[in-house]
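Residue numbers (the numbering used here), protein chains in the order written: chain A, 1 to 431; chain B, 1 to 178; chain C, 1 to 314.
In short, the hints are calculated from the structure, not lab data.
Treat the hints with care, since some could be wrong.
Stated by the list, open to error - Stretch-level coverage of chain C by chain B, calculated; a stretch enters the list once three of its residues show a Cβ under 8 Å from a Cβ in chain B:
| no. | stretch |
| --- | --- |
| 1 | 93 to 102 |
| 2 | 250 to 261 |
| 3 | 281 to 287 |
Said to hold, decoys possible - Below 30 Å or equal to it, Euclidean Cα-Cα: the simulated DSSO-like pairs (lysine-lysine) are:
| no. | chain 1 | residue 1 | chain 2 | residue 2 |
| --- | --- | --- | --- | --- |
| 4 | C | Lys180 | C | Lys95 |
| 5 | C | Lys95 | B | Lys85 |
| 6 | C | Lys30 | A | Lys403 |
| 7 | C | Lys256 | B | Lys143 |
| 8 | C | Lys6 | C | Lys30 |
| 9 | C | Lys253 | C | Lys91 |
| 10 | A | Lys326 | C | Lys151 |
| 11 | C | Lys180 | A | Lys102 |
| 12 | C | Lys91 | C | Lys255 |
| 13 | C | Lys6 | A | Lys410 |
| 14 | A | Lys117 | A | Lys403 |
| 15 | A | Lys413 | A | Lys403 |
| 16 | C | Lys38 | C | Lys204 |
| 17 | A | Lys326 | C | Lys39 |
| 18 | C | Lys91 | B | Lys85 |
| 19 | C | Lys95 | A | Lys399 |
| 20 | C | Lys151 | A | Lys291 |
| 21 | A | Lys401 | C | Lys253 |
These numbers were taken from a predicted model, which means no experiment stands behind them.
Ideal placement from N, C-alpha and C gives every residue a C-beta, glycine not left out.
Spelled out from the first residue to the last, the chains are:
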Amino acid sequence: MELTIIRGGTLVDPATGTNGLYNVYISGERIASIRPFESDTIDPSPGLTIIEAKGRFVLPGLIDVHTHLREPGYEYKETIQSGAMAGAAGGFTTVLCMANTKPVNDCEAVTRQIIEKAGKAVVNVLPIGALSHGMKGERLTEMHELKSAGCVAISDDGMPVANAGLMRTALEYAGGVNLTVISHAETPELASNGVMNEGAVSTRMGLAGIPNAAEDAMAARDIQLAELTGARLHVAHVSTAGAVALIRSAKGRGAKNITAEATPHHLTLDHEAVGGYNTNAKMNPPLRSMKDVQALRAGIADGTIDCIATDHAPHSTIEKDVEFDKAANGVIGLETAFSLIYGLVLQGAFELDKAIAAMTINPAMAFGLAKGTLRVGSIADITIVNPSRTWTVSPATLKSKSKNTPFIGKELKAVVEKTIVNGKIVYDNPE
Amino acid sequence: MKVRQVMDAKSIDRAVARIAHEILERNKGAEGVIILGIPTRGYHLALRLQACIASIEGVSVPVGAVDATLYRDDLGIKKDQPSLKRMEIPIAVDGSVVVMVDDVLFTGRTIRAAIDALMDFGRPHSIQLAVLVDRGHRQLPIKADYVGKNLPTSLKEGVKVHLVEVDGVSEAVVEPCD
Amino acid sequence: MRLNRKDILGIEDLSVEELETILSTAESFKEVSTREIKKVPTLRGKTIINLFYEASTRTRTSFEIAAKRMSADAVNISVSTSSVVKGETLKDTAKNLEAMKPDCIVIRHSSSGAPHGIAGYVGCSVINAGDGNHEHPSQALLDMLTVREHKKSLAGLKLAIIGDVKHSRVARSNIYGFTKLGASVVVCGPATMLPPGIEALGCKATVNVEDALRDADVVMMLRIQLERSKGADFPNAREYSRLYGLDDVKLRKAKKDVLILHPGPMNRGVEISAEVADGPYSLILDQVTNGVAVRMALFYLLLGTSREDAPKAI
């Protein structure tokens with residue numbers, strides 16, 4: 001049996017409380033052994049590969065529960081294959097992809113098509129099924145069939161579920177088939193024709209605003225419905241201090257069925273980033289005020305926000321190189337996520353262990369995935385990061401087919417050096 | 001090379017007085033004469049000529065200003081845009097004798113522009129040109145009818161006229177160009 | 001004297017010095033329009049494209065007349081006749097126009113920030129003739145010029161802007177312009193028409209029209225877009241007019257020598273009564289006259305000099 005040893009790296013695995021120097025042994029596609037670096041002596045043997053990881057973080061493969069891989073239907077923006085490559089380059093070994101493809105992933109046939117393509121992708125790609133047919137917010141999808149075909153969650157992400165009755169039914173029904181429902185918490189009548197955060201910046205720029213209340217009101221409704229039904233609710237891309245407070249108070253009441261995520265861009269940028277009508281800073285929910293950004297960081301720090309998810313939303317220049325109010329919402333995020341989050345750790349926004357947990361074990365738990373931790377016998381999905389290297393975000397080197405990120409030209413800390421999926425190196429970026 | 005005075009206040013006064021006489025002599029009096037100065041200092045010289053003519057003939061000829069800025073041929077070349085000055089044509093110029101006044105006559109381009117500007121206001125019978133200093137180096141076929149002082153200069157030199165109304169002192173100087 | 005910039009996109013990024021330069025240049029240009037021959041050769045050979053994505057008679061005509069009085073060639077492109085209806089993007093349109101080597105593109109667009117996009121795409125000068133709810137710099141400049149003619153200086157004046165401030169690019173540009181030149185500005189309208197954080201632009205905001213008008217030196221009435229009453233911004237024109245429409249009675253709160261401005265076109269009887277619109281302090285037609293002078297000044301200051309990248313003449 002082939003044996004690979006990741007030697008002398010700093011193993012950070014919040015699920016097991018590990019944070020120290022270890023040698024990680026990989027045999028085939030599984031982890032064979034994890035031994036303290038100090039006391040371990042490696043016997044050279046034929047077929048042994050050693051990956052030197054001194055000074056590197058060795059992490060359970062990162063999990064992104066919120067991406068848009070655009071296939072089928074929008075292959076000019078991204079494909080499952082290119083999106084998976086971008087994920088690998090960002091250290092993600094598992095990504096969940098949203099249902100707003102063309103056709104919408106609202107039936108078994110589309111799910112099977114995605115699963116088939118996912119089989120050829122370099123990382124694990126797990127589809128999320130639509131909550132309603134065509135994401136029209138009218139009729140529930142066949143969730144049982146979607147699950148059997150391979151969907152791991154249910155969401156109309158991109159479109160809020162305006163009808164409270166439908167959301168209640170969806171939660172009840174999804175709970176019955178043990179699927180988490182992901183809420184895109186936005187009140188359409190309040191968001192109206194808004195294209196950025198409502199506040200002094202939108203007023204200055206003459207752009208229609210989306211008030212925080214648009215998110216807060218819908219988050220409150222969905223939390224109430226989750227408490228009513230007991231079903232698992234995951235609040236996507238939380239952007240407001242109000243929504244953080246609502247989730248915190250629900251968790252304080254003991255609601256164990258509610259989880260939430262925040263994106264690296266909402267954690268790092270505020271609405272000033274839209275200045276100059278930068279369409280690469282346009283997304284939904286919009287970048288909010290610094291007060292909201294601080295609240296999100298505090299939410300990660302105290303565990304109110306369980307997950308960090310990218311909401312990777314590729315768009316081509318056709319959608320982005322246009323007037324601001326006509327530009328599509330969304331930014332890519334897979335390749336910059338870890339570096340941005342590590343930058344926040346260095347700034348003291350939250351502890352490294354909290355950040356890693358939010359990108360590994362917490363998303364695994366929220367969606368019932370047997371992933372997110374490194375134990376003997378578990379599948380070897382591993383990410384190796386060099387925290388002392390820096391890199392500059394450049395369209396030329398991004399693996400995603402789309403380049404719509406507000407971080408172009410930014411120099412970031414921490415470079416993903418190796419991404420290992422099922423024991424195989426799928427991304428290698430040595431120093 | 002340093003700044004060298006070529007006319008003092010007295011000699012400027014004498015030159016202006018002589019030009020006033022010449023204007024009256026040539027036009028057989030002040031009838032139908034309008035004096036238009038090119039701002040800034042040409043306009044003040046025009047006012048001085050008006051005063052001289054008044055003391056000689058006892059009549060006040062109309063005085064105005066003609067700003068050539070918008071008619072210049074070097075606007076697309078200059079880094080710094082000249083700021084717009086006064087355009088003040090006191091009475092209709094049609095059929096009148098316009099005496100255009102400037103402080104220094106050099107390439108002739110400003111006068112060309114000023115003539116064009118004036119033509120947009122009407123059709124004078126004739127246009128005559130009075131300058132305090134003619135320093136040569138014409139680039140256009142333009143000649144002054146009344147000259148205070150002919151001053152041969154090098155292209156490495158600049159000629160400046162200062163008038164007490166604007167600069168607090170009246171003199172003409174030659175100075176090295178930067 | 002020159003404006004050391006390629007584009008005029010908004011009053012927000014103009015310095016006090018630049019504003020003064022534009023206004024004093026515009027004052028000089030007023031004279032040209034009083035002549036028998038209303039034309040100077042200054043911008044002979046320059047090409048100016050008026051690219052209007054929104055209907056506009058006054059502004060487009062004013063820019064066109066300004067260009068022609070400077071001897072520039074003005075070409076008007078309006079949305080209905082352009083290839084926009086064929087689905088061409090703003091960027092492609094801009095690039096195609098640039099390929100015809102214009103010296104300046106004047107753009108009016110319903111999207112805030114569209115002129116900023118164009119300015120980034122093309123090398124020639126870009127003048128914002130109104131973008132969405134963002135800015136309308138030439139309108140604010142003509143308003144400032146008009147008030148300056150009557151009050152000598154804007155410093156210390158109180159300007160009240162009344163109406164739909166939320167959807168007004170004229171209001172935003174004037175808030176910047178008047179405050180930069182030392183005036184104090186208060187905006188007033190129903191709460192639905194006062195956008196959040198408007199005070200951050202440097203003005204005060206109130207829903208009380210008497211507070212806004214009290215001791216005002218200048219009152220600027222904004223056009224009410226009656227189609228908005230179908231939404232929820234205000235119940236109907238009658239209630240709006242009763243509360244915020246400017247009439248002789250309300251105007252008594254202002255100073256005796258108050259000046260009245262309106263960017264046009266007016267809804268007589270809605271935001272402004274006929275008596276006030278036609279009254280002695282109404283400068284509405286002066287504004288239109290000054291619009292041409294301001295736009296001539298902008299063309300002169302942007303196009304009248306060589307730029308750093310231009311080939312040097314000998």
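Now for the hints, and whether the structure bears them out:
no. : hint                   : in the structure
1   : 93 to 102              : violated (count 0)
2   : 250 to 261             : violated (count 0)
3   : 281 to 287             : violated (count 0)
4   : C/Lys180 with C/Lys95  : violated (35 Å)
5   : C/Lys95 with B/Lys85   : violated (38 Å)
6   : C/Lys30 with A/Lys403  : violated (50 Å)
7   : C/Lys256 with B/Lys143 : violated (57 Å)
8   : C/Lys6 with C/Lys30    : holds (24 Å)
9   : C/Lys253 with C/Lys91  : violated (49 Å)
10  : A/Lys326 with C/Lys151 : violated (42 Å)
11  : C/Lys180 with A/Lys102 : violated (52 Å)
12  : C/Lys91 with C/Lys255  : violated (48 Å)
13  : C/Lys6 with A/Lys410   : holds (27 Å)
14  : A/Lys117 with A/Lys403 : holds (23 Å)
15  : A/Lys413 with A/Lys403 : holds (20 Å)
16  : C/Lys38 with C/Lys204  : violated (42 Å)
17  : A/Lys326 with C/Lys39  : violated (41 Å)
18  : C/Lys91 with B/Lys85   : violated (40 Å)
19  : C/Lys95 with A/Lys399  : holds (29 Å)
20  : C/Lys151 with A/Lys291 : violated (43 Å)
21  : A/Lys401 with C/Lys253 : violated (62 Å)
Consistency note: the structure conflicts with the earlier hints numbered 1, 2, 3, 4, 5, 6, 7, 9, 10, 11, 12, 16, 17, 18, 20 and 21.
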